[in-house]
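Line by line, the protein sequences are chains A and B. According to our numbering, the first sequence is numbered sequentially starting from 58. According to our numbering, the second sequence is numbered sequentially starting from 535.
Source of the hints: derived by calculation from the structure; they are not laboratory data. Just so you know, these numbers come straight off a predicted model, no measurement behind them. From the three backbone atoms N, C-alpha and C, an ideal C-beta is built for every residue, glycine too. You may find that some hints are simply not true.
Below, computed lysine-lysine pairings styled on DSSO-like, alpha-carbon distance capped at 27 Å [unchecked claim]: (1) Lys-625/B <-> Lys-71/A; (2) Lys-83/A <-> Lys-597/B; (3) Lys-704/B <-> Lys-97/A; (4) Lys-627/B <-> Lys-599/B; (5) Lys-628/B <-> Lys-547/B.
Simulated DEER-style distance windows between Cβ atoms [what the hints assert, rightly or not]: (6) Asp-553/B <-> Phe-107/A: 36 to 46 Å; (7) Gly-694/B <-> Phe-101/A: 22 to 32 Å; (8) Pro-692/B <-> Val-153/A: 52 to 62 Å; (9) Lys-628/B <-> Val-104/A: 43 to 53 Å.
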Amino acid sequence: MTSLDDLLSQPLAKIEDDQFSKNVLKRINNYYRWRSLVLKSVSFALVILFLVVSSPVILLSQLSKVSDLMLVTLSQVTQLDYQNLVSQLIHQPSLVIITIVSLTIIFTRTES
Amino acid sequence: MQNLTNENELIAKVLISNDQQAFTRIVEYYQQAIRQYCRRLCAPDISLADDIAQETFWQAYRKLKLYSGTGTFQGWLFRIAYFQFLQYLRKHKKTQSLTDDEGNIDDIAVLGHAQQVTNSRDIEAAMTHLKANERICLTMQYSFGYSQIEISEVLSMPLGSVKSYSKRGKDKLSEIFKLAEQHSNINGAA
Chain A
58 MTSLDDLLSQ
68 PLAKIEDDQF
78 SKNVLKRINN
88 YYRWRSLVLK
98 SVSFALVILF
108 LVVSSPVILL
118 SQLSKVSDLM
128 LVTLSQVTQL
138 DYQNLVSQLI
148 HQPSLVIITI
158 VSLTIIFTRT
168 ES
Chain B
535 MQNLTNENEL
545 IAKVLISNDQ
555 QAFTRIVEYY
565 QQAIRQYCRR
575 LCAPDISLAD
585 DIAQETFWQA
595 YRKLKLYSGT
605 GTFQGWLFRI
615 AYFQFLQYLR
625 KHKKTQSLTD
635 DEGNIDDIAV
645 LGHAQQVTNS
655 RDIEAAMTHL
665 KANERICLTM
675 QYSFGYSQIE
685 ISEVLSMPLG
695 SVKSYSKRGK
705 DKLSEIFKLA
715 EQHSNINGAA
């Protein structure tokens, strides 16, 4: 009679892959697809929220300020005080939000 | 099973460039061992075993950077699978199926199991009547060639517990096979 040790040492039954590996990969891809979708949705929601909160007039004035600031920067590069520029930017909440939203969109686009 | 020659290279590719092809090769190579292991762990529920195996590879992919390289990659996957199984038991409040708190063999239960193990060599059927920890300690030791010290490290279990589960599992199996043989002799004579 075969000893218990021999019985236990018998090789285990072979299992065919049968789409298992593909399913694992599919799951990984699904995760990234969902994550990307969620990030895009959050970015979109933030943009909508921002547009709702700040009126188009304010938005346009902020954008014109940005363009003015850029013109000043380009024309007076040598005299520019970077610290002042940064502090000016930080003291504009709308600009900060625009920057955050832009970065989020850029990040999600890069990832996808 | 032959070693995956460029295993470290494949792991590095996944870590550095998120190379899914490299990870697919790792899955293809280890899927059999992990699924065999999970089938023993979750016996007799094959569908649950495949779910746990899939979850194991998914967690391995997510936590690959935590793989320290000490011990085998297969051992690391076994560890993940075991903890996934524990998580499943906790979630479904089935932790009593993990260990046998009484510590002795219930003769009536063993007799019942023996009647189901019609063939005295049917190790898979007999295994389903052991507790999960007993099954997994015996499987790692005999089917995958791990020492009891390695099993205790992989499963984060005291060495004494591993020895105890292995011994109890073997005692139960001996009892089941002995009774199954007696059962088949009686049936043969009748």
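Hint check results:
Using a Cα cut-off of 27 Å, the hinted pair Lys-625/B and Lys-71/A is violated, with the two alpha carbons roughly 30 Å apart. A threshold of 27 Å between alpha carbons decides the hint, and for Lys-83/A with Lys-597/B the separation of about 18 Å falls inside it, so the pair holds. Using a Cα cut-off of 27 Å, the hinted pair Lys-704/B and Lys-97/A is violated, with the two alpha carbons roughly 56 Å apart. The hinted pair formed by Lys-627/B and Lys-599/B fails the criterion: a straight-line CA distance of about 31 Å is larger than 27 Å.
Restraint check for Lys-628/B and Lys-547/B: the C-alpha separation of about 39 Å exceeds 27 Å, so the hint is violated. Here the CB-CB span from Asp-553/B to Phe-107/A is close to 37 Å, well matched to the stated 36 to 46 Å. Distance hint check for Gly-694/B and Phe-101/A: the Cβ-Cβ separation is about 57 Å, which falls outside the suggested range of 22 to 32 Å. Against the hinted window of 52 to 62 Å, the Cβ-Cβ separation of Pro-692/B and Val-153/A comes to about 55 Å, which satisfies the hint.
The hint said 43 to 53 Å for the Cβ distance between Lys-628/B and Val-104/A, and at roughly 47 Å that hint holds.
In terms of the numbered hints stated before, the structure departs from hints 1, 3, 4, 5 and 7, listed from lowest to highest.
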